[in-house]
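*Asks:* Taken in order, these protein sequences are the chains called A and B. The first sequence begins at 36 in our numbering and counts up by one. The second sequence begins at 9 in our numbering and counts up by one.
Any given hint could turn out to be false.
As the list claims (entries may be wrong) - Cut-off 25 Å, straight-line C-alpha distance, at most; resulting in silico cross-link-like pairs (SDA-like, lysine to any residue): (1) A:133 - B:291; (2) B:108 - A:88; (3) B:44 - A:94; (4) B:61 - A:80; (5) B:180 - B:132; (6) B:294 - A:80; (7) A:133 - B:295; (8) B:108 - A:112; (9) A:139 - B:40; (10) A:79 - B:209; (11) B:187 - B:159; (12) A:133 - B:22; (13) B:116 - B:181; (14) A:139 - A:100; (15) A:133 - B:40; (16) A:79 - B:299; (17) B:177 - B:153; (18) B:121 - B:96; (19) B:294 - A:111; (20) B:258 - B:290.
No lab work stands behind these hints, which were simulated from the structure alone.
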Amino acid sequence: MKGIMVAAVAALVSTTIALERVSWAGGARKAEFEAPVRLLADGKFLNEVENMLYPSPVLLDVDSDGQRELVCGDLWGRLRVYENVGEEGDTTWGPAVKLQSEGKDLELPNW
Amino acid sequence: MCPQGVDFNADGVNDLVVGTMEGVAFLVPGSTSGFKQPERVLDCEGRHILLGKFFNREASKWDETDRSPKGKKNPVDHCVAVVAVDWDADGDLDLLLGAKEGRFYLRKNKGKKGQPEFTAYNEPIPAGKSVLEVPGELTAPRLVDWNDDGRFDLVCGSHDGGVYLCENKGKKGKPAFGKPETLIPPGGQPRFMGSGSGNLPAEPLRPTSGCYVDAVDYDGDGDLDLLVGGRCTWKPEERQLTAAEQQRVKELLAEEKSAQAEMEKLDAKASRSEEERATWSQLYRKLEDLDKELCTYLPRPRSAEFVWLYRRR
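Kindly produce the complete structure, drawing on both the sequences and the hints.
*Replies:* Encoded structure:
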């Protein structure tokens with residue numbers, strides 16, 4: 036039974052990966068992706084602690100230090116910033132910090 | 009809500025341009041001492057930049073308006089995303105608006121760099137003989153040179169979990185987009201909490217709905233990868249519970265039933281006060297927390313949102 040389940044999961048993973056090897060018409064270039072991986076922040080899956088709804092990731096230099104931070108918006112109108120705390124050439128995201136505006140958490144009116 | 013980092017006011021510091029569910033365009037001005045308070049972007053007539061549907065703060069209700077070009081009638085679309093871009097290559101930033109319904113509109117800037125004067129109407133973006141449209145309810149578009157031909161292409165996520173590419177086949181100052189091509193197929197799973205079917209993986213394998221995307225060279229290998237924030241549903245395998253765990257499950261299920269009943273009462277109301285909207289949000293979070301704990305005991309479908317990397321080969 037366990038063997039069947041392992042085979043089923045393996046088949047599902049393989050199907051998922053195959054679906055994501057996509058090409059588009061009109062060019063020789065292909066958009067092929069490796070199987071998706073979940074990003075970590077502070078050693079846990081990103082958003083395991085923050086519990087954002089509809090996280091929208093973007094890489095931006097928000098503190099003008101010449102290095103891109105990972106910034107995530109959410110449904111509630113807040114923005115969280117993750118600093119890259121890895122060594123040079125290595126991307127390791129630190130814990131989430133809410134983006135500030137004039138000393139307070141920045142919050143956009145969402146509705 | 010998806011931010012774009014751009015020097016909107018041409019002062020040498022990055023600002024944030026953001027579309028929200030309220031339906032209007034926001035600017036968060038950056039400065040050397042940090043970000044200022046968000047402000048709504050205005051058009052050349054001093055009105056908010058929006059499409060047809062928006063949340064009217066003064067009346068505290070969803071409302072509709074018409075900003076169609078003269079002699080034309082746009083659909084009543086809901087603006088959820090904004091991108092500042094020099095669309096017509098005249099040296100200043102125009103605004104591309106993304107509608108939840110999947111369509112795109114342009115507000116041209118008739119002013120100067122850093123002193124915008126946006127047109128007062130929404131110009132639909134054409135695609136061949138029709139209008140540019142992505143399937144699955146769009147989340148937010150990104151304009152990036154995906155195919156490395158020197159023109160900005162459009163990459164867009166969707167609520168159905170698909171990510172689409174519309175290649176720009178136009179000329180500088182006159183973008184022309186082709187039909188959407190699938191970069192990531194739709195997730196094929198239910199969108200909302202607790203509504204999973206029987207064919208769910210035992211662990212999260214990919215984002216399947218509510219996918220917000222950024223196209224960036226994440227690994228520094230010279231091509232654009234996809235960062236995708238999105239929801240997925242999975243069903244952990246069943247396990248034997250201790251007596252104490254069974255008792256806890258009983259308590260949690262009772263709490264869940266009560267919160268669901270309260271939420272249903274609020275859902276049944278035609279309009280809600282500020283206080284009721286806050287209560288609804290609290291209940292939503294409470295239900296999520298209860299579901300999260302129940303999922304540690306019961307093999308019920310579990311949903312959560314993560315940020316995923318699709319590394320390009």
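*Asks:* Determine for every hint whether it applies to the structure shown.
*Replies:* Hint check results:
About 23 Å separates the Cα atoms of residue 133 (chain A) and residue 291 (chain B), which keeps this hinted pair within 25 Å; it holds. With a C-alpha separation of about 17 Å, the suggested pair residue 108 (chain B) and residue 88 (chain A) falls inside the 25 Å cut-off, and the hint holds. With a C-alpha separation of about 20 Å, the suggested pairing of residue 44 (chain B) with residue 94 (chain A) holds against the 25 Å cut-off. In summary, the hint linking residue 61 (chain B) to residue 80 (chain A) is not supported, as the alpha carbons are separated by about 36 Å, beyond the 25 Å threshold.
Between the alpha carbons of residue 180 (chain B) and residue 132 (chain B) the distance comes to roughly 19 Å, so the proposed pair stays at or under 25 Å and holds. With a C-alpha separation of about 21 Å, the suggested pair residue 294 (chain B) and residue 80 (chain A) falls inside the 25 Å cut-off, and the hint holds. For a cut-off of 25 Å, the pair hint linking residue 133 (chain A) to residue 295 (chain B) stands: about 24 Å separates their Cα positions. At roughly 17 Å between alpha-carbon atoms, residue 108 (chain B) and residue 112 (chain A) fall within 25 Å of each other, so this suggested pair holds.
Proposed proximity of residue 139 (chain A) and residue 40 (chain B) is supported: the alpha carbons are some 17 Å apart, at most 25 Å. Of the pairs offered as hints, the one joining residue 79 (chain A) and residue 209 (chain B) holds, with about 21 Å between alpha carbons and a cut-off of 25 Å not exceeded. The straight-line distance between the Cα atoms of residue 187 (chain B) and residue 159 (chain B) is roughly 16 Å, inside the 25 Å bound, and the hint therefore holds. For the given pair, residue 133 (chain A) sits about 18 Å from residue 22 (chain B) by alpha-carbon distance, which is consistent with the 25 Å threshold.
For the given pair, residue 116 (chain B) sits about 12 Å from residue 181 (chain B) by alpha-carbon distance, which is consistent with the 25 Å threshold. Distance hint between residue 139 (chain A) and residue 100 (chain A) is fulfilled; the C-alpha atoms sit about 21 Å from each other, no more than 25 Å. A hinted pair counts as satisfied when its Cα atoms are at most 25 Å apart, and residue 133 (chain A) with residue 40 (chain B) qualifies at roughly 18 Å. This hinted pair checks out: residue 79 (chain A) and residue 299 (chain B) have alpha carbons roughly 20 Å apart, not beyond 25 Å.
Proximity of residue 177 (chain B) to residue 153 (chain B) is assessed by CA-CA distance (about 12 Å); at most 25 Å being required, the pair is judged to hold. Taking the CA atoms of residue 121 (chain B) and residue 96 (chain B), the gap is near 13 Å; set against the 25 Å cutoff, the hint holds. Our distance criterion of 25 Å between C-alpha atoms is met by residue 294 (chain B) and residue 111 (chain A), whose separation comes to about 15 Å. Only pairs whose Cα atoms come within 25 Å are accepted, and residue 258 (chain B) paired with residue 290 (chain B) is accepted, the gap being roughly 22 Å.
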